[in-house]
Amino acid sequence: SDTAFVRLRRLLGLRLELLVLMVAEVVALRYYRALRDGSPDPLLAEVAGLILADEERHVPFHCRRLREGFARVPRPARRA
Numbered sequence: 001s002d003t004a005f006v007r008l009r010r011l012l013g014l015r016l017e018l019l020v021l022m023v024a025e026v027v028a029l030r031y032y033r034a035l036r037d038g039s040p041d042p043l044l045a046e047v048a049g050l051i052l053a054d055e056e057r058h059v060p061f062h063c064r065r066l067r068e069g070f071a072r073v074p075r076p077a078r079r080a
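For the sequence shown, the residue numbers in the working numbering are 1 to 80.
Just so you know, the hints here were simulated from the structure itself, not pulled from any lab data. All clues given are correct.
Derived Cβ-Cβ restraints for the label pairs, each shown as a range:
hint, residue 1, residue 2, range
1, L43, E17, 33 to 41 Å
2, A71, S1, 30 to 38 Å
3, L43, R75, 44 to 52 Å
No experiment lies behind these values; they were computed from the predicted model shown. The C-beta atom is built at its ideal place from N, Cα and C for all residues, glycine as well.
All chains should be modelled from the sequences, with the hints used to inform the complete structure.
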């Protein structure tokens, strides 16, 4: 359930939480792009395109935050 997912994310720490959220964003990018490009319904395609545009702004945010967060972790630990 959503509640269990949120609790698990929060227990695992901020970096892992951001990583999990970024994976969800990447999946959403594929989904909304496929929906926009494959829908015969113009309204659905337009709405999916709007959501896709919003989602595309989230991934760079997560990348920046993860880069900043992992920069404080010693290099050998980042590879683990």
